[in-house]
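Asker: Residue-level listing of the chains:
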Amino acid sequence: MSEQLHYALFTGCTAKQSTPELLSSTLAVADKLGIKITILEEASCCGASHIQDFDEFLAHVLNARNICYAEKLGLTMITICNTCQLNSAMTKHALDSDPELKARVNEKLAEVGLEYKGTSEIKHFLYTLIDEYGLENVQDKVTTPLSHLNIAPFYGCHNIRPSELHEEANGHENPYNPNSLDRLIAALEGNPVNYESKNKCCGFHVELQANHTSEVLAGNALLDAMDNNADVMVTPCPLCHLKMDTYQDSVGKVMGRDVELPVLHMPQMVALALGCTEKEIGLNFHVQKAKHLYTEAS
Amino acid sequence: MSKVQLSETRKVTIRAFRFNAETDYLPYYKNYEMEVGKDELILDLMNRIKWEHDGSFSYRRSCRHGICGACAIKVNGKATLACKQNAIELLDLFDNEITLEPSSTKRAIKDMIIDKSDFWEKHAAVKPYVVADVDPRPEHESKQSIAEFNNFLDSDLCIQCGACHYSCPALEVNDAFLGPAALNAAYRFTVDTRDEAGQERLELTAEMGSGVWDCVKCFECAEACPKEINPIEKITKLHNLQFSEGVAVSNVATRHAEGFLRGMKKTGYLDEADIVTYSEGYLGMHKHLKTAMKMMKAGKIHWHSGIPFINSIPKIKNLDEVQKLIEISQTNKL
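Read top to bottom, the protein sequences are chains C and U.
Going by the working numbering, 175 is the number at position 184 of the first sequence; the sequence numbering is gapless.
Just add 796 to wherever you are in the second sequence, counting from 1, and you've got the working numbering.
Just so you know, these hints were derived from the structure itself, not from any lab.
A portion of the hints provided could be inaccurate.
Reference excerpt, derived from the structure (chain C facing chain U, CB under 10 Å, subset only) [said to hold, decoys possible]: (1) E32; (2) S40; (3) Q43; (4) V207.
This one's a predicted model, so the numbers in the text were calculated from it and none came from an experiment.
Beta carbons: idealized from backbone N, C-alpha and C, even for Gly.
Build the full structure now, drawing on both the sequences and the hints.
Answerer: So this is what it looks like as structure tokens:
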């Protein structure tokens, strides 16, 4: 790489609240790899598909505003949450393909001195590592190979479906047979676990209103990974992380089996292999104990 | 895209689900070897299993034009309309190992044939037809303008194949959920200007446990539809219609959708703690105390001045812009 990669980071809400370890590990990985990050401190919540249910137009206006700030910097906007990726990309697609909607949104944005142009790409950090930084370059930087770990990739819905929306940003990942996380795990010399649930739903979005559904979906995936000898699960989505890490006790009760599996954020896994500090990796913020991964990795 | 050259065929083993509900205790899988040509469809492979290997192999088929919806099955878990899907494409996608299964293995009657009664019951429940007092001797046709027609989006293209219905994980767990196909139909007729049952459909689809609020937002339906309808888009439209038409009542799901704005107005971010408290109500919070304690112990929820959750969220830059945009752009209310 001749030119340094430089991205505008849309952190999303969880990285600023319940999963600070996601933000610190992302920044640590970028630093180790020499990727320049400018945090979009102006960016607000993406609506998480819930504001979209309440008021679709408002959701477009708010997401377009976030994208405006990446456009001002002339940078690709990167996300570290599948749901931020989905909702930002849905707004971008809607506005870029519907001039009338774009004009209506820009009419509102003009009131705060902004204009959405459609000039910035939106990409999840996982895919910038693979498509733009390059897996072989990541592999070159590995100081602590993860060869002792069976790692279950959990892709999360909103990076892979709907595939038509994401195909430019996610390297044409096939939602029925995704392989990006598997390849990243292999580049870090870990052992990717093959299991059916890797492209399924974690249930996060109905945690409150359809709790039983949510618990069963999380339980199916966690138990499937455990039954295929996973030592740890890894996901690019902090919402999948929250569901799968925080609720293992209640999920276990619903499923009638003990559930015990550390769930890493994708950047945490990379940070472990690149030899980042414990403070940067932040396994202490996990509900399901995961700190043993430091000693095993060293 | 097919990687084979013209005239090239590929020798593969096709694995197929076999089950006869009248004679078998459990289903089993059988392998069939065959040469697959570049233009062959999954339906051709099923025909060849039946014609060249085992005449008892059973599946539904009719139009062979992607319009009757009879031949929907699953290949390696991927919803597939057999008469529309090129076989080599799937062999490429799944490294030459493909397994044919019925859309729902638990509803199998014989091989690929399933009992679809649950699909039809849910479809019928949303009144998938125009409800109106029609003059038996009208003087004019009951026309739709282009704008009115466009309002249906693509919902009218549904062929009732069940691909989305049997790909829906919410439905897999919760039998009561109407599912993406029925909700797509509910949308189709609710926005029809000739129809008079919109309110009734919106109320039906607003019900907790069976309506739109049980959708898990996985987008499996959008991926599964062979007519590229995107049912979840229509589910989102139904959510919005429930607010704009005043059907939405205040409950945990509607407060959860609307409540995101509370945090955004204060800090620009969602307030993770407030959204749970506001959606559940204080009485409903007991369900979350154990989890909240664990999250606090792990440092996921912050504790300030002896009071949890207060002022623990940073503010975004230019918060006033978000506040202003909410004020001038919000179109719906709870």
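Asker: Just pull the numbers of the violated hints for me, sorted ascending.
Answerer: Hints that this structure does not satisfy do not exist here, as all of them hold.
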